[in-house]
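My request is simple: use the sequences and hints to build the entire structure.
Protein chains: 2
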Amino acid sequence: MSELKEKSRLAFEASKVLALKSSSQKDAALLEMAKALRNSQEEILQANQKDLEENAHLPSALLDRLSLSPDRIEAMAKGLENVANLPDPIGKEIKMIKRPNGLKIRQVRVPIGVIGIIYEARPNVTSDAAALCLKAGNAVILRGGSEASNSNMAIGSVLKKALEKTEIPTDALQIIGDTDRIIVSELIKLREYVDLVIPRGGAGLIKFVTDNATVAVIETGVGNCHLYIDKDADLQMAKDILINSKCQRPGVCNSIETALVHEDVAAEFLPLIYKELKERGVLVKGCPYARQFVQELEEADYNDWSTEYLDLVLAIRVVESLDDALLHIARYSSKHSEAIVTNNYFSAKRFLEEVDAAAVYVNASTRFTDGGEFGLGAEIGISTQKLHARGPMGLEELTTVKYVIEGEGQIR
Amino acid sequence: MSELKEKSRLAFEASKVLALKSSSQKDAALLEMAKALRNSQEEILQANQKDLEENAHLPSALLDRLSLSPDRIEAMAKGLENVANLPDPIGKEIKMIKRPNGLKIRQVRVPIGVIGIIYEARPNVTSDAAALCLKAGNAVILRGGSEASNSNMAIGSVLKKALEKTEIPTDALQIIGDTDRIIVSELIKLREYVDLVIPRGGAGLIKFVTDNATVAVIETGVGNCHLYIDKDADLQMAKDILINSKCQRPGVCNSIETALVHEDVAAEFLPLIYKELKERGVLVKGCPYARQFVQELEEADYNDWSTEYLDLVLAIRVVESLDDALLHIARYSSKHSEAIVTNNYFSAKRFLEEVDAAAVYVNASTRFTDGGEFGLGAEIGISTQKLHARGPMGLEELTTVKYVIEGEGQIR
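First to last, the protein sequences are chains G and B. Just so you know, we're using the numbering used here here: the first sequence kicks off at 2 and counts up by one. Just so you know, we're using the numbering used here here: the second sequence kicks off at 2 and counts up by one.
Be a bit skeptical, because a hint or two may be false.
Listed next, the in silico DSS-like pairs over lysine-lysine satisfying Cα-Cα at most 25 Å (straight line) [what the hints assert, rightly or not]:
1. G:LYS93 / B:LYS350
2. G:LYS350 / B:LYS96
3. G:LYS190 / B:LYS190
Treat the hints as calculated values from the structure; they're not laboratory data.
Below, the structure written as structure tokens:
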């Protein structure tokens, strides 16, 4: 049996035990894990230093994601405590139906079982994902990016040691140290032990997983998001929202990649934003029509419409109507977050109704698509698919249901 | 472009229009479809006659599923009317969060988009599935069993003609007449146009679909269900429930395949049920231990524990404890419906908590796992998976959600 299969089997067995634990047992474990992170700061930072040295060739943005500090470890510990404070979804009664024949039918929340998370080189995900999965009663198999493997193994070993002091089985948390990519192919086919796989990462990883998985998958985080500036937009508001949606944190999935601008306002709006975007170091590309308004725009071609830059790059397309904007979005959107700026009631209504995405906005920045910003608590990712979970995925989305039926001998 | 791909594209386009239709527009279409079925009885029965003649070699149980009659067509029409009378899930607000920054965040129900249904040779599914999908605002692609292809095409053509008189696009209903099995392989990979595939049929079809689909799948209807007779069971009640769960309709997924009997009651219970099962024509198999109590039992081997007979066959295993029963169920259950008969509070509690299945029963027949019996209305199948839907799938399970966010210029 491969290491992965053996660890998955252990997770599966542990999931049966974990599913029956009480909220206070799970919360006590999360607090123990938080304490352990704080007490093992040195050990974790040393492992992280090794990762940073081995990957010194990476671009600075990636190194920043990879690097830990006392503050970041403290944030991870706080994250564990926050999840301990969230209400436990397990056991909650969703429906109760008393039938004419006396059968009492209850639909209640139960854990999913074993969840595999495949993620990029961000060591904080190791504790964040573990916390959410365990709190929802699921065993979890974590397979982080190879660049962070020393950090992940160190964090995992600290967390597992902490679990030994609690009533939660240590096998409920499995860290896969093997950095071979073949592990991913194996994990996504382990239907015997794994109930769900959540890939967090680039479009390539997600396509690989959805194309090859036989285990159920929830796709997260690919965000080719658009902002449409309607002819009836308040252009000052449009500018603020555009700058915020693009520049506040360009490397995340809920930032925009393309702005669609109605032709009636292009002559006024494009020079206005071009200047500000340039000042902020954004590379601005435009369709031929847009370049009639601002000649300095780089040339955008059809590849740009499909690209999630995750960087200080913005593509601009000038459209003739709301219909054109809706068509562009239907064609290129990854169905994450889409926004319109308009003062027109009917344009807003049509946009909100017709755009098919996890989050549709009128007159606000797409940057709000986030569990915390929505007031839903910590999240494990933003689902861009339609089944099971759509938008920010919190504790509830890490559960399933079962029907519990109590009778006194009823037959049909 | 293949016929399937072209029809899927049409369904995709129609789904955008259908998603915006009102409840009354959808309900009017369902009523028109019901009327058309009644008015076209002759035409449908003739097509069905052709299917019956071409498949005269099939076992009588299958022919019975395949055959239509004036009564059955009337039942299909009534089914359409019943769905028209169900509340429309679309547009329903699930959550509303007003954030401190003034953002108004609403989570609302929206259609999934395009749903493909792959089903066996039961022509009534053609109208039942169409009704549920259309009412939930989804375009639907129906691919029924080849034995029923004349019936399905006739029903489909009647329903599509009825849609012409309504405000629902006829392209929202697509019937695939091509009976080549390659169609299934193609359909389950059409991510471009199809959002969800629901296979309804045997374990082989479902495994093929889950192994090969890149489109999201909801598995339905494989039911290797168990009844456990505890040492503290009321044996008369246990007998009634066992006979009902096995014999009332053995060909359906919520009937039981294996009875697990506690050794303390085996000497009394096994002869009791053996007699009654024999009288009802049930072939009864037993483990070696069970055969010590009733020598006439056929020999059951480990293959029996994994088999969904869907027939008048029952396997019996005598177990030493509730733990043994739970282990057997964990190992062999298809996670559909599982039941215990007991007077013991603690045995009931453990069974309900520890068994991982869509429906877990104490002291009632597994035959109740059904949307109608649960009081949930018509259903499209019983989901045996954990994601998105578990148990009877009605209108709500044929929808997804989106977040609609209204602001006045909010940025982060």
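Hints, verified against the model:
This hinted pair checks out: G:LYS93 and B:LYS350 have alpha carbons roughly 16 Å apart, not beyond 25 Å. Note on G:LYS350 and B:LYS96: the hinted pairing holds, with a Cα-Cα distance of about 19 Å set against a maximum of 25 Å. A distance of roughly 17 Å separates the Cα atoms of G:LYS190 and B:LYS190; the hinted pair therefore holds under the 25 Å criterion.
In summary, this structure violates none of the numbered hints.
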